[in-house]
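**Q** So the sequence lines, in the order shown, correspond to chains A and B. Quick note on numbering: this note's numbering labels position 387 of the first sequence as 387, and the sequence is numbered without any gaps. Quick note on numbering: this note's numbering labels position 341 of the second sequence as 341, and the sequence is numbered without any gaps.
Simulated from the structure, these hints should not be mistaken for laboratory data. Check the hints yourself; a few may be wrong.
Copies of one chain are not kept apart here, so a pair can be met inside one copy or by any two copies together.
Said to hold, decoys possible - Below, computed lysine-lysine pairings styled on DSS-like, alpha-carbon distance capped at 27 Å:
no.	residue 1	residue 2
1	Lys686	Lys582
2	Lys610	Lys582
3	Lys332	Lys678
4	Lys607	Lys686
5	Lys30	Lys322
6	Lys582	Lys322
7	Lys673	Lys695
8	Lys695	Lys582
9	Lys689	Lys582
10	Lys124	Lys179
11	Lys610	Lys332
Number of protein chains: 2
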Amino acid sequence: MDFENADVLIVSASIVGILFSYWQYSIIAKTTISPEPDTETSSLVALNRKVTANLYEVYIAISEGANTFLNAEYRICGVFVTGFSILLFVLISSATSIEDGMFTTISFITGALTSMLAGYIGMKVAVFSNARTTKAAALNASNESAQYTAAFNMAFRAGGCMGFCLCSIGLLVLWILLKIFSHYFETDDYDLMMDCISGYGLGGSCIAMFGRVGGGIYTKAADVGADLVGKCDLGIPEDDPRNPATIADNVGDNVGDVAGMSSDLFGSFAESTCAALVIAASAQDMRDAGWSALLFPVTISAAGIIICMLSSFVATHIHPVKSKAEVEPALKLQLILTSILTIFASVFLAFWLLPAEFTLNGVAQSSFTATPGNVAICVCAGCFGGLLIGLVTEYYTSHSYAPVREVAMSCKAGGAATNIIYGLALGYLSAIIPVIILAVIIFTSFTLCDTYGVGLAAIGMLSTLATGLTIDGYGPVCDNAGGIAEMSEMEEEVRDCTDALDAAGNTTAAIGKGFAIGSAALVSLALYGAFVVRLGIDTGVNVLEPLTFSFLLLGAMLPYWFSAMTMKSVGEAAGAMVTEVKEQFANDSRLMAGTAPKDVVAAGRDKCIKISTEASLREMVAPSALVMLAPLIAGTFFGVYAVFGLLTGGLVSGVQLAISMSNTGGAWDNAKKYIEQKLSDDPELKKGKGTDVHKAAVVGDTVGDPLKDTSGPALNILMKLMAILSLVFADFFWSINDGRGLLNVAVAVSRRV
Amino acid sequence: MDFENADVLIVSASIVGILFSYWQYSIIAKTTISPEPDTETSSLVALNRKVTANLYEVYIAISEGANTFLNAEYRICGVFVTGFSILLFVLISSATSIEDGMFTTISFITGALTSMLAGYIGMKVAVFSNARTTKAAALNASNESAQYTAAFNMAFRAGGCMGFCLCSIGLLVLWILLKIFSHYFETDDYDLMMDCISGYGLGGSCIAMFGRVGGGIYTKAADVGADLVGKCDLGIPEDDPRNPATIADNVGDNVGDVAGMSSDLFGSFAESTCAALVIAASAQDMRDAGWSALLFPVTISAAGIIICMLSSFVATHIHPVKSKAEVEPALKLQLILTSILTIFASVFLAFWLLPAEFTLNGVAQSSFTATPGNVAICVCAGCFGGLLIGLVTEYYTSHSYAPVREVAMSCKAGGAATNIIYGLALGYLSAIIPVIILAVIIFTSFTLCDTYGVGLAAIGMLSTLATGLTIDGYGPVCDNAGGIAEMSEMEEEVRDCTDALDAAGNTTAAIGKGFAIGSAALVSLALYGAFVVRLGIDTGVNVLEPLTFSFLLLGAMLPYWFSAMTMKSVGEAAGAMVTEVKEQFANDSRLMAGTAPKDVVAAGRDKCIKISTEASLREMVAPSALVMLAPLIAGTFFGVYAVFGLLTGGLVSGVQLAISMSNTGGAWDNAKKYIEQKLSDDPELKKGKGTDVHKAAVVGDTVGDPLKDTSGPALNILMKLMAILSLVFADFFWSINDGRGLLNVAVAVSRRV
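Next up, chain A with everything else stripped away, as it sits in the complex (with noise of 0.2 Å):
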């Protein structure tokens, strides 16, 4: 086997970076939870026997409820790959070759089971890492400051734990996948090897559907249904270790927040590196030009990994985090400078692998000559874009800056119902910004590299993936950790401590959001551009054909449908949640008293994680086969321009629809959170919990709820998944009627093509 350059970048990245995340995970598994104190802290007040044995429990009750849930989530994506991997097979077999559809079918298989292993390890990791960082700030709370560094680098560590694991685990198995398949085919045939590569994102992209849908319901029903029998009917604070819903929020957020969102940036990574692939090599230029030339894109992601390593020092070596004030910059930092490094690595890369000159594919122009330079200008677009993007959602979703200060304020005007209509707005405006700069990007790479250059503009702005997954995995570990010091009922300043990391945490998972949704945007453009250029089509999308125009409105409306259909699931199993803790508190007394023995208060909570579970199993289905079915539909009966229309009118609804709902979302909270810690200089707003002027922020709250967990990022991959599906499955669509569908109906576009 030869070992060209880009090989050796690849694989030495991904072996390093396994290699720091094993680091990080020994690190952490040096403070221990066991259900008796240690000899050497039993004396500390903090960690006390009581507190000990509750810590354990909540913790073995957590890591219990995750494991159920995601092994239930994993037979039922088990029972899908299966049968999907069979008509994957069929119907590209029988548009193809058997052994393209073998090919591609142990592609999608395989990205199947990495996005499954991808979410199972962020899970682990999360549950493994949350007591540990609750206990950090136990056994150091008597100094705040090392209190701070070593609660915040427990949690830290945590998330570069995952986020390094997964990103370099993402790239050997994709770069394995590539060096074997590269023995069954010829040099020249390096276009249908990408086509059969493909498959691996498809199988990222629809575990990540199933993880972000079933996850985010879970999360977002135990969460509300818990906010509101807790804060509305019953008057207990948040995580009491009374209200039995509790211990499924936990849950949830490691479920939904942890491991959701590992399998949906995997699939981004996966999804953005095949586009870039398929189209590289659909181009004789590219092939010619050698393995690692091709393989430049793949690059890119590799040299990220080192970066983030390299960058992660800086947080928890060179300037460690000593109060509450140092979190959040210390968190942006780590963005800044990775997104710096990352353009002398490309702008390196670029010219050390890629030819001088090299003439490529596209939708805009059907062939087009591309350099090093332009390559590289496309992929710090997109990481600078990304940056850009993540800092804007910053202003529009932190407490510090005026847009939330505002929604607050609006609580105490016109209570719930001025709250919602600022919330709303504000979601709508946070939209301005980061669409413009959306469309810059596009219109750079675009213009340089046409769809290629889209491509690379989306891993650019995943480059920084490691650090990205570092930060939103560091979120749902401290909100997590707060929610255990409750629960295990420790004193006010492990909480104290636990929540400021929470809201720095906060702040920076709706960064993590913009990046999230920006990346989805480019990554589905960049789908879709393969998409085109695979099929051959050199005239454009012209969406001025009836049935492309008419495709594209139900294309829009399919986010809608989408959302509507996730938000309604997560009311009803919230509403069946409340239901059952009502009932638990009316049944027993003891419950509210807070004298139930252990082994009823451990029923009632198996019986609300039960809730969560089915729910959110139940209603993952709808959802998820109506964006697989969508462009199937449309391609096997209507044909390619129906889907063209499809694609365009979903990626361009999906987006504005995914950054309003994931910052109003985003905004409601830490208004809440605004008025909660007493932040304002307002009389009214200063009182704090209790007031009407906190109800209606509650209610903002809630709504915003499943809003920013669930249907927001959700849309994410509804862009990402039709648009892959679609590629995937271009021979297929190409094979019935010449791509006109199954219906024929396709009339002025047969006459003009």
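With chain A fixed as given, assemble chain B onto it according to the hints.
**A** Chain B in isolation, oriented as in the chain A frame:
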């Protein structure tokens, strides 16, 4: 002057319509409103001296408030029209010829003035009739069946008076313009003439934008403000005479719901006709076919007036309304009847006026052959599609059906938060079927007659406009009549009758909004097509051009930006209203006791009117400027390929958002009514006003107000206005670097085209 078949039909229909309208007016005017009781009725308890004086006073206050606002608004419109006329004249003249510039400007001014007249007449008739409807209900309070007949007929005639007057005047003015222009153009230059005529649509649309946004902010600032302060803080019922904001609320119904909507629908009529005329006249075949064939689209509207008039006798004479239950069916029957009659009319007119076969220009195909049969199908598709969209809208917004009841039930499960989640989800879901219907209409008409077909479908959907306006006008008149009854301190029976009439009006208003959105989508697409035909681009619009795709994203963002602006404006103005009312009550305890002298009450009311007026006029500028500047900037600096993206994006995203906003708002309103009227079997929902469930429903209703009456309906105009602006400025855009704009960045385009 030759009078051809089409001329005869158009002129006679217009005159018949105006006479019919005058006849309706004369019947309404028989009921008089004066400060002294009529001798014949002074014996009635319902209209004793005190009530009569109250009635008169409220009538005058509303009338003056509405006049003040409309005068102020029209002063701003006057300045705008003057300024924009100069700009238009200069830009069009510079791009084409002084003559073209002059004719376009004349058309623009005529359209603007006609639209202002339409709004003015609508407002005048509504204000004239509302107190008379209250009086009709009061005069017959002793006999329920006679009461319903009298009050319904009064409100229905008011709607008819307005609807027929507007349609006839709009038609007649357009015809006169066409006839005059035809003297200055050769038959072969009719394409240029129609280009100039499109200024008529632009004028109508610009005024409609101001009317919808200004009126929408006015009415909802007052409504939301009155609701918030009345229901939530001071605990006084809706429309209570003590609440100084209620008069402003009533004025708002007239200037927003009536004047705004009249201008909006007049704009749709003018624009759809212009789009069809531009496309028809661009083909040599059609110009050769003669004046009547060319004017075929206008004759459909003319026939519509006659059809609507005939149908209206069914409601007033053949089958008069005698009870609560008969109101809604009577109004729906009108729509169904006119739609059926339109089929016959359109088939007849198509075969009578059009040649057996003719060739037109298009965008999906550069030229195609059409037949009268095809043309009739397009008209019918629009007409029936509109009816279906209306009925689906009714299903989602009426509390007779499951969706609204589910939203009402959700108030019980989790309070305001779940109400909002379910309401938003309902709005998203309610877009599915209308969008599918629109897609089918577009596919059918686009395939059969290309852009001309889409224009005809829009005209078909608007052929029942007189009936639509009748029903749309009916609603606010009943709403006002109820408010007046409450404020004049009339008996329960009077209010019960007007409430029942109003509830039916709410549902049919939702139907009307469905029509308005559907037709706006078709009109925009037709105008967009006409724009492309006009530019002579026969390669279609490739969305996968960098510039076009970037602007596609930006265009899709505009409706969100626009909505955010208008929603925040309502929120702020409502906040100011709340502050003012609270202050008034705090400063003068006699206001709450109801013992304040008349002049104090009147001064308080005037202050509220002033707040609404000033806020709406101030806040309407920015959103209107956004919509007008976007296509102008895009076209001037980035060229027509950017405008293509902008129009596609705005249309696609606007339709979804407009439908979901309108229906969400309507559903919340009716969910609240469902609880208030105790229509549910559920014990908790049955308790009516004052419960926590009802409070949760009020939050939804308040959030829905700006969505359904400010942002949602204004989005229709956003779509249409951007498209007609582009059409009118087509030559100007093309004159800059052959349509590539001042910045000339359309790199890829320039290489291919």
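**Q** Provide an ascending list of the numbers of those earlier hints which the structure does not satisfy.
**A** Violated hints: 4, 6, 10, 11; rest satisfied.
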